[in-house]
Structures are given as structure tokens and as C-alpha cells.
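**Q** As they're listed, the protein sequences go chains A and B.
Numbering-wise (our numbering), the first sequence opens with residue 1 and increments by one.
Numbering-wise (our numbering), the second sequence opens with residue 1 and increments by one.
Worth flagging that the hints you see were computed from the coordinates, not collected in a lab.
Ideal Cβ placement from N, Cα and C applies to all residues, glycine included.
Treat each hint with caution, since some may be false.
[Stated by the list, open to error] Distance condition first, Cα-Cα at most 16 Å in a straight line; then the derived EDC-like pairs of lysine to aspartate or glutamate:
id : chain 1 : residue 1 : chain 2 : residue 2
1  : B       : K98       : A       : D47
2  : A       : K70       : A       : D104
3  : A       : K13       : A       : E3
4  : B       : K155      : B       : D102
5  : A       : K13       : A       : E43
6  : B       : K111      : A       : E173
7  : B       : K111      : A       : E44
8  : A       : K13       : A       : E44
9  : B       : K157      : B       : D102
10 : B       : K98       : A       : E44
11 : A       : K13       : A       : D42
12 : A       : K70       : A       : D137
[What the hints assert, rightly or not] Residues of chain A placed beyond 12 Å of chain B at every Cβ, according to the derived structure:
id : residue
13 : L4
14 : F19
15 : R31
16 : V34
17 : F82
[Claimed, not checked] Derived Cβ-Cβ restraints for the label pairs, each shown as a range:
id : chain 1 : residue 1 : chain 2 : residue 2 : range
18 : A       : S36       : B       : V193      : 41 to 51 Å
19 : A       : T186      : B       : Y3        : 32 to 42 Å
20 : A       : N100      : B       : I88       : 31 to 41 Å
21 : A       : N100      : B       : V168      : 42 to 52 Å
22 : A       : L163      : B       : V168      : 23 to 33 Å
23 : B       : M2        : A       : G182      : 20 to 30 Å
24 : A       : V107      : B       : I88       : 36 to 46 Å
25 : A       : G133      : B       : H179      : 46 to 56 Å
26 : B       : F100      : A       : T186      : 24 to 34 Å
27 : A       : Q30       : B       : F185      : 20 to 30 Å
28 : A       : E43       : B       : M2        : 15 to 25 Å
29 : A       : S128      : B       : L160      : 12 to 22 Å
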Amino acid sequence: MDELWSLFWIFAKIGVMTFGGGYAMLPMMQRELVQSRSWATDEELMDYFAIAQITPGIIAVNTATFVGYKRRGIVGGIIATFGVVFPSLVIISIIAGLINTFADLPVVQNAFAGIRACVCVLIFNAISRLWRGSVTDSLNFVIFLAVALASYFLNISPAIFVLIAGVIGFVPEFVVSRKRIGENKTARQQGRQGQKKCQNHQGHQGEDHK
Amino acid sequence: MMYLRLFWEFFKTGLFAVGGGLATLPFLAKMGAATGWFSQSQLTDMIAVSESTPGPLGVNMATYTGYTVAGLPGALIATLGLIAPSIITILIVAAFLKNFQDNHYVQAVFKRLRPASTGLITAAGLSVAVMTFLPSNISLPAMRAGILAVFSAIKWKLVLLALAVLLVTRGIKKTKKVHPIVWIFASAAVGVVFRFAEA
């Protein structure tokens, strides 16, 4: 029970200390989980983080679930996850309530008009960072461009694009590894036949000697 | 019924949003358009608030949209919807799949998912930018009438500010690592001083 509480509070702390989330929370996690408690090694943490990035959902949430599960099973996973979203729930609800109340004030409207211009730049900067890690070959460039244009101009759910891109990744890999298995099989068969031939040959030689 | 829909919409977002940070943005943009729960400019405000408050960006945005749609219960339900797929998939991966991250199928799939995710965010970012720099009441006939009509309708004050922010966040080495919250507050101040709402 004690450990479940500390799972909750540690991840609440990690949640509240990380602005932005994602990679920003890695140093916090290292301090809380590796250095202060040795609940995980640096390598394990990197593994959890790698998995969190290639599973659906928010990276911070995924990492919390993973660490919680490793410590205290399914309940631990759920408790740690609630911990990491708890500060957001409290803080954002308060701020959203305030902003919705004062939204009509000219000061607030002017401020948010300025902020919106800034947010566009922040999004642009985020995209250019993502671009470097994701558009790594020409097929990925085609996927990027096709998805960006289709998603902007057509009214299609983003989920559809995610599914299609997943299939584009899966199918060639599947075909190639099938082929590889096929080649291995024939190679083994050929190898066996080769051995047989060899034995036969030796057999003949033996007969010759007689 | 409303709460159920809210949960389901965010469940889908949590299930298909891949990668960190703004990965949920395209889903929220489509959600706002499809349900009428919030406008594009409200969404932009939510991004700003989510960026300048503690907590993971995706979670903050879900909580904020949930709150805007249905108050405190909405915030709770949207957040629960968002994290439910994470909990399910991570528990499955942790319990059954050893060396999941080294699996060649997983890697092949994610190699192609990443550019798709970037493309989705780009499209959503583009519509946010159009909403911000062009007046929302600009009509299609006016656009057809000529580039000049569009050109004169652009909110130049905002464009100027955006260019300034772009310059300091990308052009100057020393300010590259400064937290975005600084630029958000600076832009708010500029907006108040120069009355940007009337731009």
C-alpha cells in the first residue's frame, strides 16, 4: 500500500515538474527513479522510454504505466498513470475555469490574440524538430507530403492515415522476411542434398578402392 | 450520452496519436470541427495554456478540451479516455511481449508512422495558422476575387509578431533553448500593448 502511494506521488511530482512532457521528463525520471530510489537502471529507463515512444498514446503516460507495472503489477501501472495526469487535471481545470470566466475581457482577448501568433511559431518549430527524426528517406517524404495534403484538404479522420502508414511499413517487411524464411529453407534443403551427394561420392570412391 | 461520446473521442485520440508533444493536435482539430464542441481559435488558446502549464502537453490539452466541453466531469472523462488505450497497450506489451522495441515488424511499422504523424501535425498546424493570420469571416468569393483581397485581409500585426518570435527562437543561438513559456508571455504582453484583438 505504501509503495502504491509513493508510485502515485512520485509520478505526480514528475508530472508537475515537466513542462511539455515527452523528452522533457526524462531527466526528472532519471533523478526520481534511478538515482533516488534505484527502482530502475538507466538502461531499463531508456528501454521503457523507447517502448513508450513506439506505442500509441502520450509518451509520459506510457512510461508511467510501464514503470508502475514493473513495480507493482497492473494496479501499480494504473496508480502511476493516475499520478502522472493528476497535476494536469487540477491545474488545467482551475486555469480553464478562470479563462472561460474572463474570456470576454478586452485584456484577455488582446493577450490571446498575441499568444496565438506565438503558438503558430511553436507548432512550426515542433514540426521542424519532428521532421528531422521522421522524414529520413524518400518514401517517408512521400508519406509526409501525401498525409499533410490529404489531411488538410479532405475531411478524413487522422486515424485512417495512421493505419495506412502502418500497413505501408508492415507489408514490405512481411514480404521480405517471408522470402528470407523461404530462402533459408531451400538453402537448408540444398545443403542437405549437397551432403547426400558428397556421401554418395565417398561411397563410390570406397567401391572403387575395392 | 455526451460523456460517453467525450470518452470515446478521446479514447480514439489516445489510441492513434503516435509520438509525443503535439501528436494529439490533429485529432483535436478534427474533433472540434466534427462535433462543434470548440472552435479552432479556442483550440489555439488551449495549446498556449497547455504549453505554459506543468504536465505533459497531450494530457493538458485533453483536460482543457474536456473542461471546455463539459466542465470538471468533462475534464476528468476526457483525460480518462485519453489514458485508457495507453494503459491497455502498455500492460499488454509489458506482460506478454519481450523485447517489443527490438521487433523488426514494430520498427518497420513505426518508421512509416512517424512521417504520417508529422504530416498530420503539419496539416493541423496549417489550419491553425490560417485561422490565426486570416480573419475567420473571409469568404471564398473574396478569395476568388483575387489575391489582393486575401492579401489586404491578412492580420499583419500578428504576422509581424510571429516573424519576430520565429527569429528569436530559431535565429539566435542563445535563445534557442529558452522555454516556450517565455515567448508565450512576451507575445501576450505585445498583444495587450498593441491591442491585437482588433488587428
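**Q** Which hints, by number, does the structure contradict?
**A** As far as the earlier hints go, 2, 4, 5, 7, 8, 9, 11, 12, 14, 17, 19, 21, 22, 23, 25 and 28 are violated by this structure, in ascending order.
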